[in-house]
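The chain contents come next:
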Amino acid sequence: DQQVKQNSPSLSVQEGRISILNCDYTNSMFDYFLWYKKYPAEGPTFLISISSIKDKNEDGRFTVFLNKSAKHLSLHIVPSQPGDSAVYFCASTYYGGSQGNLIFGKGTKLSVKP
Amino acid sequence: DTGVSQNPRHKITKRGQNVTFRCDPISEHNRLYWYRQTLGQGPEFLTYFQNEAQLEKSRLLSDRFSAERPKGSFSTLEIQRTEQGDSAMYLCASSRTGNQPQHFGDGTRLSIL
Numbered sequence: 001d002q003q004v005k006q007n008s009p010s011l012s013v014q015e016g017r018i019s020i021l022n023c024d025y026t027n028s029m030f031d032y033f034l035w036y037k038k039y040p041a042e043g044p045t046f047l048i049s050i051s052s053i054k055d056k057n058e059d060g061r062f063t064v065f066l067n068k069s070a071k072h073l074s075l076h077i078v079p080s081q082p083g084d085s086a087v088y089f090c091a092s093t094y095y096g097g098s099q100g101n102l103i104f105g106k107g108t109k110l111s112v113k114p
Numbered sequence: 115d116t117g118v119s120q121n122p123r124h125k126i127t128k129r130g131q132n133v134t135f136r137c138d139p140i141s142e143h144n145r146l147y148w149y150r151q152t153l154g155q156g157p158e159f160l161t162y163f164q165n166e167a168q169l170e171k172s173r174l175l176s177d178r179f180s181a182e183r184p185k186g187s188f189s190t191l192e193i194q195r196t197e198q199g200d201s202a203m204y205l206c207a208s209s210r211t212g213n214q215p216q217h218f219g220d221g222t223r224l225s226i227l
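Going down the list, the protein sequences come from chains A and B. All the letters of the first sequence, read from the start, carry residue numbers 1 to 114 under this note's numbering. All the letters of the second sequence, read from the start, carry residue numbers 115 to 227 under this note's numbering.
Be careful, since some hints might not be right.
[Stated by the list, open to error] Here are the simulated lysine to aspartate or glutamate pairs, EDC-like style, with alpha carbons at most 16 Å apart: (1) A/K106 / A/D31; (2) B/K128 / B/D220; (3) A/K56 / A/D31; (4) A/K71 / A/E42; (5) A/K68 / A/D55; (6) A/K38 / B/E197; (7) A/K71 / A/D55; (8) A/K5 / B/E158; (9) A/K106 / B/E158; (10) B/K125 / B/E182; (11) A/K38 / B/E170; (12) A/K38 / A/D1.
[Unchecked claim] Pulled from the structure, derived: some chain A residues nowhere near chain B, Cβ distances all over 12 Å: (13) M29; (14) Y39; (15) E42.
[To be verified] Which stretches of chain B does chain A cover? Using the computed rule of at least three CB atoms under 8 Å from a CB of chain A, they are: (16) 153–165; (17) 191–199.
The set of hints was computed from the structure by calculation and includes no laboratory data. The structure presented is a predicted model; accordingly, all values stated were derived computationally and were not measured. C-beta atoms are modelled at their ideal positions from N, C-alpha and C, and glycine is treated no differently.
For reference, chain A alone in the conformation it holds in the complex (with noise of 0.2 Å):
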């Protein structure tokens, strides 16, 4: 029972045009969601997060817009760069008990091309 999905395995986009990731989870207990990009041998590197008391967090060219009321959240990455290629993971987890494990979804591969 997957409780974080991305739905599509890859992404092809163009430099310079946004590139727009996607993550839905199913338990509505989950209060932070954070996006990890990850190159080929290296582990994930933490890129933006955002609290559930929040529905836009910004940091340079990556926004992340949470809509609660679907279980949604997206990754918008404008203008995107040949060097963003990489695999990118939506991440879920509940806060509030302090826990702080993270649950995964399988990852989205984005491509930028020249």
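Please build the complex by placing chain B on the supplied structure of chain A, with the hints as guidance.
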């Protein structure tokens, strides 16, 4: 911050052997987590420590697996009597507290012959 360090990067062993991995977290990070990742999947939680105390274990952590963090600094993950299904990337992460983002090491890839 020097980052989370994991050793070895790659371990090849025969089925039935025991293996041990080491993780050195970012200094002053109280939380340390172990995850396992197989091909085409996201990382799956195994266990975590708050300082030296092991606070939670996933049902994925069978009795062949044991983790320690003896002085609240580095941690070891041991797998006894390895099986083919143990082949995976084992990832370690640390965070300052339970409410901070986790930072991952580059993992140890275990291959069972």
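Checklist line | Hints violated by the structure (listed by number, smallest first) | finding: Those not satisfied are hints 1, 2, 4, 6, 10, 11, 12, 14, 15 and 17.
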